[in-house]
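Protein chains: 2
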Amino acid sequence: MTDFAIGVDMGGTNLRIAAVSIDGQILEKINLSTNMSARPDDLVDAMCGAIERLTKQHGGTGNLLGAGFGIAGIIDLEAGVVRKSANVPSWCNYPVRDAIERRLGTRIFLENDAKVHALGEQWLGAARGAREMALLTLGTGIGGAIVLDGKIFHGLHGMAGEFGHVTIEPEGVPCGCGNRGCAERYASATAIVRMAREAIAAGNAPEIARAAHTEPGLTAKMIYDLAMQGDEPARCIFRSFGRALGILLADIVNVLNLKMYVVGGGVASAWDAFAPTMFEEIRRRSIIYAASFPDEMQGDSEGAAANIVDRTLQKTIITRAVLGSDAGLFGAAKLAMG
Amino acid sequence: MTDFAIGVDMGGTNLRIAAVSIDGQILEKINLSTNMSARPDDLVDAMCGAIERLTKQHGGTGNLLGAGFGIAGIIDLEAGVVRKSANVPSWCNYPVRDAIERRLGTRIFLENDAKVHALGEQWLGAARGAREMALLTLGTGIGGAIVLDGKIFHGLHGMAGEFGHVTIEPEGVPCGCGNRGCAERYASATAIVRMAREAIAAGNAPEIARAAHTEPGLTAKMIYDLAMQGDEPARCIFRSFGRALGILLADIVNVLNLKMYVVGGGVASAWDAFAPTMFEEIRRRSIIYAASFPDEMQGDSEGAAANIVDRTLQKTIITRAVLGSDAGLFGAAKLAMG
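Chains A and B, in that order, give the protein sequences.
Counting in the working numbering, the first sequence runs from 11 upward without gaps.
Counting in the working numbering, the second sequence runs from 11 upward without gaps.
Chain A with its partners taken away, still in its complex shape (with noise of 0.2 angstroms):
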């Protein structure tokens, strides 16, 4: 008998459900589609019609321990209510674990998307076995989970880790949280299409504007496959993006000086393109990142920091994501593994 959780991941376009094992195997999935349009409960009948599909197809073999949902948006974990979500527009406090509750007759819970990705990457992934880490997932905008003793680290309203909104550029690009410079705005799949339309603009950018006239129209992987060609426009804004979320991980190290940061979400596949820029931020702006990596430093010039902090220190990691898309599906379940 193998036990097994129902992990839900609910993306902008994609609603995605598996089955997972407490060994860590997806032994199914099952991918709809989100309608925006549909009614709350419609969009319950039809997630809950899935999980009673998986739960009979393998309840054979183990129990079933629960379902965990990954929501982006704002959730309120006690009453388990989704207050905001911009995927589900429908479920504006709409109290989602008791109608699921209700319905399907097991224990629900309720998490932000980026903190199941962060459990998800902690149990099985880059993080695995750490006790204490942080994960930005890059995306239309940034996430971010905080992980403390192996646990969630929510803070007083369940917003901690809202690593988007810390401010890079004191009066930089204007954001629809009311502040100016956040770090999304400079690192994520949005601000590398609006990097891309300025250098456009400027004129000097001829192969991102021969690609703004191609279908569907300018995207952040396009940028990046020119980047990657040598294009220098194009290299120039994974430049700005790198410098961008170096500043944002040099503040989070600061603030927090944990173990290890994940890197993850769609965008964190540009990796090659902006981590050079990332680290050499990362390095000048952090102290304890340069003290506790004395083998990146050769050659640097970086002695002060080497000279506080004693260089048998244990290292600072800052490493990709590595299980993509399905980090949010394991970590959902895990939530209901306890």
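Hints may be right or wrong, so weigh each one.
No distinction is drawn between identical chains; accordingly, a pair holds when it is met within one copy or between any pair of copies.
25 angstroms max Cα-Cα, derived DSS-like pairs, lysine-lysine [to be verified]:
| hint | residue 1 | residue 2 |
| --- | --- | --- |
| 1 | K231 | K66 |
| 2 | K161 | K269 |
| 3 | K66 | K161 |
| 4 | K39 | K66 |
| 5 | K94 | K269 |
No lab work stands behind these hints, which were simulated from the structure alone.
We have chain A already, so just place chain B on it with the hints.
Using the frame of chain A, we list chain B on its own:
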């Protein structure tokens, strides 16, 4: 019988030692001067002599529970060794805990000075009863501490809470740490004096220029007094200070989402001069703060923030420390009370 502990606060010029009862009374306080040139053992002798006097004096009324030391610098908490302290240069890699424990025969606890300051404010001061809080100490630089579940959160190398080196202006004033634009370059006593000198050099700060010609030369206190008298260039310096501190606090709120943030240290006494700008920046730059502090938002146009987070949320509190220079003594003693 009221048991007590010894608290030691090792400042730049003063070494303060107190017997503190478990109910939070200072029974007696001794001031020694930190003789910077003293041999490490001489300093230990002087301190132990004072601690023995206090113990003899108050041993009749209760048991000595131990002695806690708040030390500015890098401390290896596990080994009980001071790696480096600007205030006590002779203690470089000095095994303070063993040296004192051997001599006194009581349990010795070492901790960073900002961190014992936080313990003091959490025990008896502005954060009394708060299980989760952060403290910033504004002095020649910025010190910091994070308290989670009632205990100091150290991070991997004991460096969690290095708030002074969070980047505020990515291409700003160079910092001794190797970075540019660190928070403590803009919101410390040192920063106030730098900005004052710049104002003098710019030729439009006659009152500050006059103050600079008195003995013992420019101090942050002088600029504060001028600001309180309405001198516009001095007020402008504190607005810059408040802006930088506001950016820093907004970043910390966005990362940690704690209940309470306490601002202490000598320069916190200039609160009236910098707090209005500081709060303005925090409201603008942290949606978490703005949304969880609706009372302050009346007349503001921060509806976006208010909409996404429930108005019944617990408030985020940002406030001044109240224990002044005794916070370190209380916190150091508390360390030894367990």
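Checked hints:
1. Taking identical chains as interchangeable, the C-alpha atoms of K231 and K66 are never at most 25 angstroms apart, the minima being 40 angstroms within one chain and 73 angstroms between chains.
2. In this assembly of identical chains, K161 and K269 lie within 25 angstroms of each other by CA distance both inside one copy and across copies; the values are 14 angstroms within and 19 angstroms between.
3. Proximity of K66 and K161 under a CA criterion of 25 angstroms is satisfied in neither setting, with 30 angstroms inside one chain copy and 46 angstroms between copies.
4. With identical chains, the CA atoms of K39 and K66 are at most 25 angstroms apart within one copy only, with a shortest distance of 14 angstroms there and 72 angstroms across copies.
5. In the homo-oligomer, the alpha carbons of K94 and K269 lie at most 25 angstroms apart only across protomers (22 angstroms), although the nearest pairing inside one protomer, at 32 angstroms, exceeds that limit.
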